[in-house]
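Protein sequence lines correspond, in order, to chains A and B.
Be aware that the first sequence starts at 1, since it is given in the UniProt record's numbering, and climbs by one per residue.
Be aware that the second sequence starts at 1, since it is given in the UniProt record's numbering, and climbs by one per residue.
Check the hints yourself; a few may be wrong.
Same chains, same label: a pair holds when it works inside one copy or across any pair of copies.
Pairs of lysine to any residue, SDA-like flavour, derived with a Cα cap of 25 Å [said to hold, decoys possible]:
1. K67 - P116
2. K67 - V139
3. K113 - A76
4. K113 - Y51
5. K115 - S19
6. K115 - D3
7. K115 - G53
8. K67 - S114
9. K67 - E11
10. K67 - D86
11. K92 - E11
12. K67 - T32
13. K33 - N72
14. K33 - A76
15. K67 - T137
16. K92 - D117
17. K113 - R128
18. K67 - E7
19. K92 - L120
20. K67 - E87
Simulated from the structure, these hints should not be mistaken for lab results.
Quantities reported herein were computed from a predicted structural model and do not represent experimental measurements.
2 protein chains.
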Amino acid sequence: MSDRYFEDYVEGSTEELGSIKVSEDEILEFATKYDPQPFHVDPPAAAAGPYGGLIASGWHTASLMMKLVVRNYLSAASSLGSPGIDELRWLKPVRPGDELRARVQVLEARPSKSKPDRGLLRSLVELRNQDDETVFTAVALNFVLRRWATAT
Amino acid sequence: MSDRYFEDYVEGSTEELGSIKVSEDEILEFATKYDPQPFHVDPPAAAAGPYGGLIASGWHTASLMMKLVVRNYLSAASSLGSPGIDELRWLKPVRPGDELRARVQVLEARPSKSKPDRGLLRSLVELRNQDDETVFTAVALNFVLRRWATAT
């Protein structure tokens, strides 16, 4: 992934981005810092709560998605950051021990008119768990350098 | 915030949710785990990169927003989790030393038809920095229990 540019993202193409396991320790650590709701940080309360057990903060799930996106989709040579996310959905709970694998589809690759050295990528990223249930989807926007621009 | 229910979120109302400081150490720690792009984890590379210095991962910024939302907007007594985010925008970089304050507006509070014990909240959450620049916005969805339902 070290050498990938805007021209290499083909509209309509899909890619697998690998998988990642989620541990109870990591769920507790993340949520204690950023999202300390009972069903994220307190196993007994979570067991008696709306999800019947501990679940990962949705922001933790999104961050795990990002880890796979940085590892296998974006390139340090061309990634210029993101203006945002168009739609993000937490479809199913993520629980301790789950293994999430990511898949991405390039929805749109549009050259920038105002900044000709880059383009804007719209990508649908999905996470599925070990039971093949889709737990998370997001339409991500990313600015990516064009190949010729890297010489400047 | 320990005793707040669906009925207490009034459409059109706005609230301040307090503020939080962002340190370089925390930016590096979060991004090293979840978003290790050069402008998030490598200060010299970041200084030479598109943002002219280190910036926080957008997922870190979102997680800091969530921290203030859990502290001052949602209630452990009634918060049932979230189906997603309708639109999220990273408008300005968040840099080490920034202080972010959150404000929220209740866009819509809609009783659920299929599950009468709860309602769906649509909220616009904004983060501003110490220079009063809006750095982040998101339209968040949250399921929240109705007051009468907590007796069951």
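Hint by hint, here is what the structure shows:
1. K67 - P116: Classified as neither: same-chain Cα gap 28 Å, cross-chain 38 Å, threshold 25 Å.
2. K67 - V139: both (16 Å within a copy, 23 Å between copies)
3. K113 - A76: Only inside one copy: K113 and A76 sit 23 Å apart there, 47 Å across copies, limit 25 Å.
4. K113 - Y51: For K113 and Y51, the Cα distance is within 25 Å only across copies (20 Å; inside one copy 47 Å).
5. K115 - S19: neither (34 Å within a copy, 34 Å between copies)
6. K115 - D3: within (21 Å within a copy, 50 Å between copies)
7. K115 - G53: between (48 Å within a copy, 21 Å between copies)
8. K67 - S114: neither (30 Å within a copy, 36 Å between copies)
9. K67 - E11: Classified as within: same-chain Cα gap 22 Å, cross-chain 36 Å, threshold 25 Å.
10. K67 - D86: both (19 Å within a copy, 22 Å between copies)
11. K92 - E11: Classified as neither; 28 Å inside a copy, 28 Å across copies.
12. K67 - T32: both (20 Å within a copy, 9 Å between copies)
13. K33 - N72: Between copies, since 15 Å is at most 25 Å while 27 Å is not.
14. K33 - A76: between (28 Å within a copy, 16 Å between copies)
15. K67 - T137: both (15 Å within a copy, 22 Å between copies)
16. K92 - D117: between (39 Å within a copy, 20 Å between copies)
17. K113 - R128: neither (36 Å within a copy, 29 Å between copies)
18. K67 - E7: Result: close within a single copy only, 23 Å intra versus 38 Å inter.
19. K92 - L120: So K92 and L120 pass the 25 Å test across copies only (17 Å; inside, 29 Å).
20. K67 - E87: Intra 19 Å, inter 21 Å, cutoff 25 Å: intra and inter.
Checked against the numbered hints given earlier, the structure breaks hints 1, 5, 8, 11, 17 and satisfies all the rest.
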